[in-house]
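Chemist: Sequence:
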Amino acid sequence: MVRAGLLAGCILLLAVALLWPISPRDMARSLAHRLLRYAHSSAMASDSVRIDLPEGLTLDQLQSFRPFKNWMATLNRSLERQKATWHPFHADPYALRSVTVQSFDRFGGDRLGFVKLAAAVSNSAGESLPGAALLRGPSVAVLVMLIPDDDSGGDERHVVMTVQPRIPVGSMTFSELPAGMVDDAGSFKGAAAKEMEEELGIDIKDDELTCLSDLAADENAKSKSDDDEGLAAAMFPSAGGCDEHVTLYSLERRIPRQQLRDWTGRLTGLRDEGEKITLKLVPMKNLWREGARDAKALGALALWEALRREGRL
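Taking my numbering, the leading residue of the sequence shown gets -3, the next gets one more, and so forth.
No lab work stands behind these hints, which were simulated from the structure alone. Bear in mind that the values here come from a model prediction, so they are computed numbers and not experimental data. Backbone N, C-alpha and C fix where the C-beta goes; we use that ideal spot for every residue, glycine too. Hints should not be assumed to be uniformly reliable.
Said to hold, decoys possible - Estimated spans, in silico, between C-beta atoms of each pair:
id, residue 1, residue 2, range
1, Ala80, Pro252, 21 to 29 Å
2, Thr260, Asp106, 41 to 49 Å
3, Glu215, Val165, 17 to 25 Å
4, Ala128, Asp210, 29 to 37 Å
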């Protein structure tokens, strides 16, 4: 099959050369380059799903990339569920036909960070589903609430937010909840605690964190028995184009009122020259307004208020 494909490629390129003449040397170089790329992509084919790769990325590297493995496993599990008679696509189920990796970015040398791909998903009628995806993996965010230690039932709370450049949205001063990526060990709490210690200077212990996402998932599971595709118990801020899901935590810390006053006056979000990230304290009653652009802030606030109303916090 690969040999036949190579022959077809040769014929096509020779035909193009007759219509658009170039020097024999350039033609040979272009032909060799294109055939090597074609052979590389064809060699990546499997029995069921073809995977086309760009130069510089191997199949082993892709399959070792945790976000890709998780994405494939979740998608295959969801497609498998179409066999059930109650599934809306049971009559003409969709299938994954191929995956084309269009580009990738490496972090810290050789470690894969982002993978952009296009998945061909269609049914027997030729109907297809949008399959463009940026794979980057999960992250965590923490709703840190500081409470004055002399508060006597007034429920006074201040939320810690970070202010930093976010080039993907064109901002140099984006306000958001403290967040971080999950490490290769798959540790959610550890990554969140490390982020808090580095950005806030507060030593956070794992057992101090409450996972709002897990509590919400527990409540949801009580009302649904057969609607589980194996998706992570987390918030998906851009499910139409990215696999990222954010596990939301909360943390309450009582501090002396004078320290809270000092921090409120000092942590305003204004940065010194050259400083990339800074902090600010926001009254919790104003978080919906201050964090209106940040899905993490809105999601954490909604979960915290609902879980508290249900008596889970």
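Chemist: Are the hints correct? Go through all of them and say.
Modeler: Hint check results:
1. Ala80 <-> Pro252: 21 to 29 Å: The hinted range 21 to 29 Å is violated for Ala80 and Pro252, with Cβ atoms some 58 Å apart.
2. Thr260 <-> Asp106: 41 to 49 Å: About 44 Å separates the Cβ atoms of Thr260 and Asp106, which means 41 to 49 Å holds.
3. Glu215 <-> Val165: 17 to 25 Å: Violated - the Cβ-Cβ distance for Glu215 and Val165, about 32 Å, lies outside 17 to 25 Å.
4. Ala128 <-> Asp210: 29 to 37 Å: 30 Å, holds
Going down the numbered hints, you'll see the structure goes against 1, 3, while the others check out.
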